[in-house]
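S.K.: Protein chains in written order, with this note's numbering: chain A, 68 to 283; chain B, 61 to 490.
Where hints are given, some of them may not hold.
[Said to hold, decoys possible] Some, not all, of what chain B presents toward chain A, calculated at C-beta under 10 Å:
#, residue
1, K156
2, D265
3, F271
4, I364
The hints are simulated quantities; they were obtained by calculation from the structure and are not laboratory data.
Beta carbons: idealized from backbone N, C-alpha and C, even for Gly.
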Amino acid sequence: MAEIPRRRALLAAASGIAALAGCAGSESASNSYPTRERPIEDYEIETARDEAGDALVAASETLPSPSADEPARGRRGARRVLVAGDDLAGLTFAETDPGEALRSFCAATDFDAASVYLLSMPVRACREIRFRSVSVDPGDLAEGDLHPHARFCEAYRPADVECAPDEFHTVGFAIRIPVAADRSTGSGRGMSSSCRRRDRPAVFNASAAESGGDGA
Amino acid sequence: MTTGSGSRRRFLAGVATAGAAALGGCSALPFSGEADRREAPESVPADAVGSVEWPASPFPVAVSESLADAHESRALEMLADVPADPTVPNAAVAEKIGSDRERARERADAIAPDRWPVDVLTTWRGRREDAAAVRGAYRAATGTDDGAELVARRRAVRDDRGALATDLTYRAASPTEAALAYEPVESLLARCAEQVEPRVTYPADPVADPFRAGEAMASVEGARAAATDAEGLREAYLGSRDDPVPQWGSLIAAADELRGSVSRTRSAVRERLGGEDPLGDEDLSGTVAQELVATSDLRIESAIDDVEGAVDAGDHATAVVDAGTALANIEAYRTAVGEIRDGEHREVPSESSVRSVAERARAAVDGVAAGDDPLAARLVRPGVELFGYVADRVEEGYGSVRRTQASLVYAALYASAVPAAADFARERLE
Numbered sequence: 068m069a070e071i072p073r074r075r076a077l078l079a080a081a082s083g084i085a086a087l088a089g090c091a092g093s094e095s096a097s098n099s100y101p102t103r104e105r106p107i108e109d110y111e112i113e114t115a116r117d118e119a120g121d122a123l124v125a126a127s128e129t130l131p132s133p134s135a136d137e138p139a140r141g142r143r144g145a146r147r148v149l150v151a152g153d154d155l156a157g158l159t160f161a162e163t164d165p166g167e168a169l170r171s172f173c174a175a176t177d178f179d180a181a182s183v184y185l186l187s188m189p190v191r192a193c194r195e196i197r198f199r200s201v202s203v204d205p206g207d208l209a210e211g212d213l214h215p216h217a218r219f220c221e222a223y224r225p226a227d228v229e230c231a232p233d234e235f236h237t238v239g240f241a242i243r244i245p246v247a248a249d250r251s252t253g254s255g256r257g258m259s260s261s262c263r264r265r266d267r268p269a270v271f272n273a274s275a276a277e278s279g280g281d282g283a
Numbered sequence: 061m062t063t064g065s066g067s068r069r070r071f072l073a074g075v076a077t078a079g080a081a082a083l084g085g086c087s088a089l090p091f092s093g094e095a096d097r098r099e100a101p102e103s104v105p106a107d108a109v110g111s112v113e114w115p116a117s118p119f120p121v122a123v124s125e126s127l128a129d130a131h132e133s134r135a136l137e138m139l140a141d142v143p144a145d146p147t148v149p150n151a152a153v154a155e156k157i158g159s160d161r162e163r164a165r166e167r168a169d170a171i172a173p174d175r176w177p178v179d180v181l182t183t184w185r186g187r188r189e190d191a192a193a194v195r196g197a198y199r200a201a202t203g204t205d206d207g208a209e210l211v212a213r214r215r216a217v218r219d220d221r222g223a224l225a226t227d228l229t230y231r232a233a234s235p236t237e238a239a240l241a242y243e244p245v246e247s248l249l250a251r252c253a254e255q256v257e258p259r260v261t262y263p264a265d266p267v268a269d270p271f272r273a274g275e276a277m278a279s280v281e282g283a284r285a286a287a288t289d290a291e292g293l294r295e296a297y298l299g300s301r302d303d304p305v306p307q308w309g310s311l312i313a314a315a316d317e318l319r320g321s322v323s324r325t326r327s328a329v330r331e332r333l334g335g336e337d338p339l340g341d342e343d344l345s346g347t348v349a350q351e352l353v354a355t356s357d358l359r360i361e362s363a364i365d366d367v368e369g370a371v372d373a374g375d376h377a378t379a380v381v382d383a384g385t386a387l388a389n390i391e392a393y394r395t396a397v398g399e400i401r402d403g404e405h406r407e408v409p410s411e412s413s414v415r416s417v418a419e420r421a422r423a424a425v426d427g428v429a430a431g432d433d434p435l436a437a438r439l440v441r442p443g444v445e446l447f448g449y450v451a452d453r454v455e456e457g458y459g460s461v462r463r464t465q466a467s468l469v470y471a472a473l474y475a476s477a478v479p480a481a482a483d484f485a486r487e488r489l490e
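The task is simple: from the sequences and hints, build the whole structure.
M.R.: Listed below in structure tokens is the structure:
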């Protein structure tokens, strides 16, 4: 275990997280702006959509059975942060193309160098959920605890997509974050009802840019 | 309103902010020792404020109904292009287009509010934009790409607007008439310039984002409508006056002088009253007076910003009107502080006090209307709008009674200050 913090520090430094994580841990750190979240630029993502509306993944040995009722639809949602290969063992993926796409993406992750934030959720058949951004809490990360926060927005699917407004599909997102961590005790998710809003303007911080740290 | 919708938005935001600020402060303030203070009622009856008559339109000449009729025809024509139950594979998109069409149709069929002609045109331009949005979304959803046509139309509107603006020498019978006739023209040209810009771009794949396509189409439709109205108002005025002469120089001189007057008046009033917070040593917590001061501060700031913005934009007629408005606001503030120092506006508001100040405001506005002074009528507009806003809030059951009363007091003070402010502005114009 002694190697993990060192490895984590090296990897975080390489991905530009370390400087900010350090700053967040010290109020007196100069050339930094106080922030709880650090946007991650160099993530990778796999998205999947199950048009039958079935569960894509579950943290149990079996997947929730297909059902149109509201509580069952809720159970089709899932949210997990994977920081080690063992974390995969506790998950069951649907044996469908979208389920397999998510599983193989997670399985292909080098957890010595990265983590995966895995989410699935129901969506109306004529709507889509778009990934907007992912960020981490640098303070928690400095303690080896990865708290990712992903932002999404919802929009109409293209007009030429045949769909019924009262039906539901399931969408999944596996976001590979270039940060290794010891654990994850929390995560967050934001959903905007419109994809038209722009992200908040970036903060210019020349000092941080020079130090190779904050590009936000 | 055609003339200064930005000001109205800022004002409404200001009212909300002032209320929130005052409430925030109120909650933190000690009420110890005031246990015997009567509580204000939570609301007043819906009819407690009533209504106020708008003065006659200050636009110097009659505005032909043909301008509004053209908007109506265009709106109905565009809605006729969209079926009531559109057939689109994405049923949710189809549903939304159908419901948007229905709503736009209802609005187009509604009677426009009985307001000044420039406001009626504003209403119709909005309806025309709604119709354009529905039609644009429908065409995009069904595979028609209007992107190239929109680019061409945007360019044509921009060219037409540019020609209008370039040709603006404020020809009028007098400088005061120039201010009144061309302020709405300037406002429309500004609106056109804002809407013709590609802030919402037409999507590369309109089928994928039909509602953005509709929004882009609506924006350019609004720009076209604004340019048409600007030209229509200008022609309506010029067509009714023999040998109007350019008043450009007079307007610029008056706007510059009035801008300086606003600045000096504000400084002088501050000095006379004892600084930026002349009531800072008084405990006004929880009173109408506290709300009145907050409202006054916000409105003065907003009015001065408007003057600066208009002068910087070269909108000289607007600058004159905004300066008159700012001067009336400063005078209202001066009177408000004086009345508060004299012990007024500290009583617990009640239904009868609300009715009383509503009557005071109504009388002040009626006084302006009776004066038959178009410049004063134009300047009193913010007071009439404030009254209307408060009346709407009360009718809908929103807003604190304290805030209601403070706003009505301010409307009364503002309207009372308008005739003198109009005279002052006119002296700089003529």
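S.K.: Please go over all the hints and tell whether each is borne out by the structure.
M.R.: Hint-by-hint comparison with the structure:
Restraint check, K156/B versus chain A: the minimum CB separation of about 7 Å is within 10 Å; hint holds. Restraint check, D265/B versus chain A: the minimum CB separation of about 8 Å is within 10 Å; hint holds. Restraint check, F271/B versus chain A: the minimum CB separation of about 7 Å is within 10 Å; hint holds. Hint on I364/B is violated. Least Cβ distance to chain A is approximately 27 Å, over the 10 Å limit.
Hint 4 from the list above is the single one not met by this structure.
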